[in-house]
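Position chain B against the provided structure of chain A, taking the given hints into account.
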Amino acid sequence: AQTVTQSQPEMSVQEAETVTLSCTYDTSESDYYLFWYKQPPSRQMILVIRQEAYKQQNATENRFSVNFQKAAKSFSLKISDSQLGDAAMYFCASPSPPLETSGSRLTFGEGTQLTVNP
Amino acid sequence: NAGVTQTPKFQVLKTGQSMTLQCAQDMNHEYMSWYRQDPGMGLRLIHYSVGAGITDQGEVPNGYNVSRSTTEDFPLRLLSAAPSQTSVYFCASSYSIRWARWVDTQYFGPGTRLTVL
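Quick mapping for you: the protein sequence lines, in order, are chains A and B.
Taking our numbering, I'd label the letters of the first sequence as residues 1024 to 1141.
Taking our numbering, I'd label the letters of the second sequence as residues 139 to 255.
Just chain A, same shape as in the assembly:
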């Protein structure tokens, strides 16, 4: 079963404006990391931001920030002052359901294609 949901297959934003990409997830773990990755047309997967679930404070990286709501299992990405180079596919990732295996795993959402209009 899909445990990571990105409900916006496509989003667009004007250059210099702000856009928020949504993500909801489902895990029974208490301590974990959540991630947003960016995939430009080059197809390289690039880490945008990481959130540690045990931290109350929302993670920020320059123009990128998250709104992490642990109880609601929501993890949205806000991009401020959007630039043309931000145009890409964005993936949210969270822990997969636990199994009796040697380690944990990540599940990725289906992605949100972001277009930045000049």
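The reader is advised that the hints may include incorrect statements.
Pairwise CB distance ranges (calculated) [said to hold, decoys possible]:
no.	chain 1	residue 1	chain 2	residue 2	range
1	B	ASP176	A	ASP1049	20 to 28 Å
2	B	GLN195	A	ARG1066	39 to 47 Å
3	B	GLY201	A	GLN1079	38 to 46 Å
4	A	GLN1037	B	GLY201	40 to 48 Å
5	B	PHE148	A	GLN1037	21 to 29 Å
These are computed hints drawn from the structure, not numbers from a lab.
Positions of the beta carbon are idealized from the N, C-alpha and C atoms, including for glycine.
Chain B only, in chain A's frame:
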């Protein structure tokens, strides 16, 4: 550091052929993984490893084999290629603690685009 490297970048196979996708990392990461990316489906985990000698299945393991004889290398073998295995394949590595219930930041290779005719 080269990070995570994958070879080849592109490959075309005929149905029934076998091949190995190579993956290597020089960051001394214990955790390595293989994903496939298909249009509209994000990344799906094929196999992963938490250290040399230990591998586990992911979400879509059928038709693929892996082994982990060293910390640095994690090859993915297609036993008998099928058109359904046409995809882009990514290898990734990360720091980990064995038996931890979390996965740390995954560092990805550039990907291999595989076409099976």
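Results for each hint:
At about 22 Å, the CB distance of ASP176(B) to ASP1049(A) agrees with the hint of 20 to 28 Å. Restraint check, GLN195(B) to ARG1066(A): a C-beta distance of roughly 25 Å breaks the suggested window 39 to 47 Å. Checked against the hint of 38 to 46 Å, the C-beta distance between GLY201(B) and GLN1079(A) comes to roughly 44 Å, which is consistent with it. Evaluation of the 40 to 48 Å hint for GLN1037(A) and GLY201(B) yields a pass: the beta carbon distance comes to about 45 Å.
Remark: the range hint 21 to 29 Å for PHE148(B) to GLN1037(A) is contradicted by a beta-carbon distance near 36 Å.
Going through the hint list in order, the structure does not satisfy hints 2 and 5.
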